[in-house]
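Protein chains: 2
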Amino acid sequence: MSLLVTDDALAAFALAPGFSCAAGACGLKKSGAPDLALVWSERPCAAAGVFTTNRVQAAPVVLDRETLASSAGRIRGVLANAGCANAVTGERGMADARRMQALGAGAIGASPDELLVLSTGVIGVFLDLAKLERGVGALRGPGALRTPADVARAITTTDTRPKVAARAARLEGGGVTIAGFAKGAGMIHPNMATMLAVVTTDARIAPVPLERALRAAIERSFNRISVDGDMSTNDTVLVLASGAGPAVAPREESAFTDALADACASLARQIARDGEGATRLVELRVTGAASERQAHRVGDAIACSPLVKTAIHGNDPNWGRILAAAGYSGEAIEPAKVRLWFGERDEVQLLDRGLPTPFDAAHASALLALDPAVVRLDLGLGDGTATLWTCDFSAEYVRINAEYTT
Amino acid sequence: MSLLVTDDALAAFALAPGFSCAAGACGLKKSGAPDLALVWSERPCAAAGVFTTNRVQAAPVVLDRETLASSAGRIRGVLANAGCANAVTGERGMADARRMQALGAGAIGASPDELLVLSTGVIGVFLDLAKLERGVGALRGPGALRTPADVARAITTTDTRPKVAARAARLEGGGVTIAGFAKGAGMIHPNMATMLAVVTTDARIAPVPLERALRAAIERSFNRISVDGDMSTNDTVLVLASGAGPAVAPREESAFTDALADACASLARQIARDGEGATRLVELRVTGAASERQAHRVGDAIACSPLVKTAIHGNDPNWGRILAAAGYSGEAIEPAKVRLWFGERDEVQLLDRGLPTPFDAAHASALLALDPAVVRLDLGLGDGTATLWTCDFSAEYVRINAEYTT
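Here the protein sequences come in this chain order: L and E. Heads up: the first sequence at position 201 corresponds to 192 in the working numbering, and the numbers run straight through without jumps. Heads up: the second sequence at position 16 corresponds to 7 in the working numbering, and the numbers run straight through without jumps.
Calculated from the structure, these hints are not laboratory results. Don't be surprised by glycine CBs; every beta carbon is placed ideally from N, CA and C. There may be inaccurate statements among the hints.
[Said to hold, decoys possible] Where chain L lies over chain E, by a calculated footprint (3+ residues, C-beta under 8 Å): (1) 78 to 84; (2) 142 to 156; (3) 300 to 311.
Whole structure, please, built from the sequences with the hints as guidance.
Encoded structure:
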C-alpha cells in the first residue's frame, strides 16, 4: 500500500521514456507558487481521456473532448494550469481554452489540435491570458522548472503533497513504463470528481484500445475514492501513449490494463489519503456481494457517510454507522447476513450475521487509528467484491472549506 | 419562519385536546436526563406511521408496522425512549420491543397491540428492560414529569432544543388542532432519516385518509431536510387522531393535509436548524424546474454537499459549489439557463443564464450569515419548485460525531 510519496520517491519519479516536461509560475495562484505544467512528446501519441459526468462542464473539458474526437492518434502534449478552473465562463471561457491550447501547441511546435488542456482552481473566473502567455513562453526558457516532480507540484491546489506513480508492464516486445501524476483534495467522489491526472506511457497502442484500457482502469481506481461526495466540473484523466516502446498486442491488453489500473489506483489512494484535513487513508473492502456493482454501491454509501468518517477520525468503533450506511445504499442487503471486521487481516470482528459480537474496544479503536484503517464488510450474498478508498473527516476539513476563497 | 422554539413557546406548547402525557428518567441516558416519554388518549385513535427506508430496520420500526397493520383504528398511545435505539439487536431486540409495548400498554390500561413504540440512541445495544420497567411504572406515579415540553425533551439525544409545533385547521364541523413534537440532530437526510416525530390531533378521520395525509405532509416537510446525508435505522413519524373533535369530510382532506404539512414543516425546519454543530438554517428554494421531482433532486444534491455547507458556514458566496452540486444531481439541468440568488427577496444575483454576474461580495456574504440563509436556484426549464432545508456545516459537527460514544 503506497500512501503519500516521500521526498525521495518524488525526486526519483520519471515520466515514461520519450516524454519531456516543464513547469513554472505565472501568477494564476495568488501565492506565486508554480501553476503551469507542460508535458510533451516529440512523437505524436495515441491519447484517451475520461471526463467528469457533471452536467456543468468546464471549457477545457469540452475542448479536450473535441480534440480527442478529431486527433486522438496524434496528440503531442498537455498544458495544465492551477489557480483558475475556467469553468462557468461561457463562450469567452471556450475562446480562452482555445487560446491556451494554441499557446501550449506553439511552445512545442505542434498544431493546436494536437494539444490537450487542463485547468483547476476557482470556478467562474476568466483565465488571465496575459499571465498565461508570459508563463507558457517562459516554460521553454532557461528559468523553467524541469523535473516531473515540479510538474506534479504545479497542478496541485489544496493538496499537501504531489501525487505520482509509476509501474512497469512486461510485454512480448519488451518492457513498457506507465508513469503519471495527479492532483485532487477536496470535491473527490467516485464518479471522477475534482481531480486531474496525466498518465504517460511509451507503449504502442491505438487510441481505441487505449481508451478501453483507461476506462477499465478508472473503474478500479479513481471511481473508487471519495473525500466528500462532491464532484467537480473539471475532472479529467488523460493518458498519452507515445509508441516509442513495444506494442501492446491484442492478447496483452489485459496485462497493460492491469498495470495502468495499478498506477491509477496508487494515484487514487494518494488523493484519498490527502483529502482535505484527512489524517489517514481508509480502505474499505466490501466482499460477499451479489455483484461487483453491488459491492461498489454499498461501499460508496459507507465511504461518503460523514458519520462513518468522523467516527473513524475519532477512533470510534461505531459499527452501527457503517451498517446503517450500507442499509441506505439502495442495494438489497440482508442485514441478518452481514459480517464486519476491522484490520488488515480481519483482526477484530464486530458483527456476525447481523448481530453485534463482543469485541475488544481498545483493539478495535487502535486498528482505526492506523494509516490505512482497514474495514471489511461481508454481505453474505455472493462473490462480488470491491475495494474503495476514502479518508477520515476532521474539523480541519471544515476549516479549509469554509475559508477557501471564492 | 419558525426557527428553534423559545422557552416561552415551549412552555405554551400543548398536545391536541384529549391527549395526556408523561415523561421521566430511567437511566437509559448515561447523563440521567429524562429518557422516557408516554403520550396517550383515553379514546382509541386512528393512527398512521411513515418509517425509514433503510434496509436495516430497528425492532420498534418492525413492531410498529405490524401493530398499525392490525390495529390502526384503535391505537391508544406511544411509548418512546432515548439512549438506546434497539437496532441491530436481532430476535432478542424484537422480544424487547414487544415487552416495551406491553409495559406502555399496561401503564395506560390498553392492550399491547394498541400501543406504538419508538426508540432512539446507540445502535447494537440491548434495551435494559429492568430500567425500562421501573421507568414506565414511575410514569404514572407522582414523580413523573407532566408537560408536553417534558415529553419533547425526553426523546432528544444530541438535540440542543426540543422541537414542537402546533397548527389549527378550520373544518365545517369546527376547529381542530394538530400538535406534535420531534427529535433529530445527526443523520438527518431527506428520505426520513434519524428522527422521531409524534403528531397528535383531535380530528376525526379514518386510518386510510390519515395515512394519505401523513405521506403527503412528509413529502413536503421531513423529506426536504438534510443535515449530513445519512439515514438511520429508526426514523419514524407517527400521527394519532383521537376523533374527539370534528370530522374531516372527504372534501376537507386537502385542508387537513395542508395544516398537517405545515406543522411537520415547522418540526422539520427545527430539526435542520438544530443539526449537529449548525449555526444557522439554510433555506434552499429551487424554482423553474421541469418538475417538482427534479427540483427536489437538484435541491437534495445541493443540501447534501459538504462543500456548499462549509462555504455557507464561512459566509463565502462560493456559488460555483452550488452550481457544481446541481450539475451532479443526476438531473438534466442546462447550465446555460441557470440563475442564482441569495437572500429572502433575491437581494443579490450571482448567476444569470449560466454566467457569473458582478455582485457585491460583502452583501452576498452578509446574506449567508443570516439565520436562515436563503438561496434560490432557478433552472429555467419549467414550473417545478421545491423548498428544502439544511444547515451550515461547522467544525463542531466533526467534534460531536468523532466523540459520540458507541
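A quick look at each hint next to the structure:
1. 78 to 84: Check passed, 4 qualifying residues.
2. 142 to 156: violated (count 0)
3. 300 to 311: Per the Cβ count (9), the hint holds.
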